[in-house]
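S.K.: Residue numbers (the numbering used here), protein chains in the order written: chain A, 1 to 109; chain B, 1 to 113.
The reader is advised that the hints may include incorrect statements.
[As the list claims (entries may be wrong)] Taking lysine to any residue pairs in the SDA-like style, the calculated list, with each CA pair at most 20 Å apart, reads:
id : chain 1 : residue 1 : chain 2 : residue 2
1  : A       : Lys108    : A       : Ser83
2  : A       : Lys108    : A       : Lys2
3  : A       : Lys2      : A       : Asp93
4  : A       : Lys45     : A       : Arg1
5  : B       : Lys96     : A       : Ser83
6  : A       : Lys42     : B       : Asn30
7  : A       : Lys42     : B       : Gln44
8  : A       : Lys42     : B       : Glu53
9  : A       : Lys42     : B       : Thr2
10 : A       : Lys42     : B       : Gly3
11 : A       : Lys42     : B       : Arg109
12 : A       : Lys42     : B       : Pro101
13 : A       : Lys79     : A       : Thr18
14 : B       : Lys96     : A       : Asn95
15 : A       : Lys45     : B       : Thr9
16 : A       : Lys45     : B       : Phe64
17 : A       : Lys45     : B       : Ala87
18 : B       : Lys13     : B       : Lys96
19 : B       : Lys96     : A       : Thr61
20 : A       : Lys2      : B       : Asn30
21 : A       : Lys42     : B       : Lys96
22 : A       : Lys2      : B       : Gln44
23 : B       : Lys96     : B       : Leu39
24 : A       : Lys2      : B       : His103
25 : A       : Lys2      : B       : Phe64
26 : A       : Lys42     : B       : His103
27 : A       : Lys45     : A       : Asn22
28 : A       : Lys45     : B       : Lys13
29 : A       : Lys45     : B       : Ser27
30 : A       : Lys45     : B       : Gln41
31 : A       : Lys45     : B       : Glu53
32 : A       : Lys45     : B       : Leu39
33 : A       : Lys42     : B       : Arg57
[Claimed, not checked] Covered stretches of chain B, going by a simulated chain A footprint (3 or more residues, C-beta under 8 Å):
id : stretch
34 : 10-18
35 : 65-78
Hints are computed from structural coordinates only; laboratory data are not their basis.
Where a beta carbon is used, it is the ideal one built from N, C-alpha and C, also for glycine.
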Amino acid sequence: RKEVEQDPGPFNVPEGATVAFNCTYSNSASQSFFWYRQDCRKEPKLLMSVYSSGNEDGRFTAQLNRASQYISLLIRDSKLSDSATYLCVVNGDNNDMRFGAGTRLTVKP
Amino acid sequence: ETGVTQSPTHLIKTRGQQVTLRCSSQSGHNTVSWYQQALGQGPQFIFQYYREEENGRGNFPPRFSGLQFPNYSSELNVNALELDDSALYLCASSLKASDSPLHFGNGTRLTVT
Chain A
1 RKEVEQDPGP FNVPEGATVA FNCTYSNSAS QSFFWYRQDC RKEPKLLMSV YSSGNEDGRF
61 TAQLNRASQY ISLLIRDSKL SDSATYLCVV NGDNNDMRFG AGTRLTVKP
Chain B
1 ETGVTQSPTH LIKTRGQQVT LRCSSQSGHN TVSWYQQALG QGPQFIFQYY REEENGRGNF
61 PPRFSGLQFP NYSSELNVNA LELDDSALYL CASSLKASDS PLHFGNGTRL TVT
């Protein structure tokens, strides 16, 4: 089993749609959780941290379920510029961050 | 605020050669981590440096080595290059705290032929 698992997609949605990505992680001791976005052939960029109580940043909402070891990202009112790969990130126990393989999103006009 | 910068942007090497990649950390950050990202995969942790010492290492062979300098900049060295070393190499700086997010440079794309 991979340490961080994501549905690879691709998710193809129209502008204005709501889309949700899920991520599961295997290390129950993990304490830090993030979502990154990565554009084609570019570096990953921090989208948002994920807090225990859930958090929102504009059109983006992140949720954490520690009992199920599950993280989600909800994007409302999708824009063309949201097209990217979304990476789920969880801290490891070796001063490292562990990345999922990413979920690819394409928003179409 | 100066972000993370990496050099070179692209590099082509031959199998068996050695390569050095460089990274300058974001101002205010004292920790540097290196990741390897193969096509279609998420970044894989190589190692982390803090206070000029290796502070964690992933599942990479000893021919992957690094340095951190007093100004927090860093180098990644790879000896005896193999074809499978072809990847995007990402440097990330952060604060030491374990919950501190990573801030990536734009990466070095290495091709080994």
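S.K.: Each hint should be assessed against the structure and marked as holding or not.
M.R.: Hint by hint, here is what the structure shows:
| no. | hint | in the structure |
| --- | --- | --- |
| 1 | A:Lys108 <-> A:Ser83 | 9 Å, holds |
| 2 | A:Lys108 <-> A:Lys2 | 31 Å, violated |
| 3 | A:Lys2 <-> A:Asp93 | 15 Å, holds |
| 4 | A:Lys45 <-> A:Arg1 | 26 Å, violated |
| 5 | B:Lys96 <-> A:Ser83 | 32 Å, violated |
| 6 | A:Lys42 <-> B:Asn30 | 24 Å, violated |
| 7 | A:Lys42 <-> B:Gln44 | 16 Å, holds |
| 8 | A:Lys42 <-> B:Glu53 | 28 Å, violated |
| 9 | A:Lys42 <-> B:Thr2 | 18 Å, holds |
| 10 | A:Lys42 <-> B:Gly3 | 15 Å, holds |
| 11 | A:Lys42 <-> B:Arg109 | 10 Å, holds |
| 12 | A:Lys42 <-> B:Pro101 | 18 Å, holds |
| 13 | A:Lys79 <-> A:Thr18 | 10 Å, holds |
| 14 | B:Lys96 <-> A:Asn95 | 9 Å, holds |
| 15 | A:Lys45 <-> B:Thr9 | 17 Å, holds |
| 16 | A:Lys45 <-> B:Phe64 | 25 Å, violated |
| 17 | A:Lys45 <-> B:Ala87 | 18 Å, holds |
| 18 | B:Lys13 <-> B:Lys96 | 33 Å, violated |
| 19 | B:Lys96 <-> A:Thr61 | 27 Å, violated |
| 20 | A:Lys2 <-> B:Asn30 | 30 Å, violated |
| 21 | A:Lys42 <-> B:Lys96 | 25 Å, violated |
| 22 | A:Lys2 <-> B:Gln44 | 12 Å, holds |
| 23 | B:Lys96 <-> B:Leu39 | 29 Å, violated |
| 24 | A:Lys2 <-> B:His103 | 24 Å, violated |
| 25 | A:Lys2 <-> B:Phe64 | 23 Å, violated |
| 26 | A:Lys42 <-> B:His103 | 13 Å, holds |
| 27 | A:Lys45 <-> A:Asn22 | 18 Å, holds |
| 28 | A:Lys45 <-> B:Lys13 | 28 Å, violated |
| 29 | A:Lys45 <-> B:Ser27 | 17 Å, holds |
| 30 | A:Lys45 <-> B:Gln41 | 16 Å, holds |
| 31 | A:Lys45 <-> B:Glu53 | 26 Å, violated |
| 32 | A:Lys45 <-> B:Leu39 | 17 Å, holds |
| 33 | A:Lys42 <-> B:Arg57 | 24 Å, violated |
| 34 | 10-18 | violated (count 0) |
| 35 | 65-78 | violated (count 0) |
Going through the hint list in order, the structure does not satisfy hints 2, 4, 5, 6, 8, 16, 18, 19, 20, 21, 23, 24, 25, 28, 31, 33, 34, 35.
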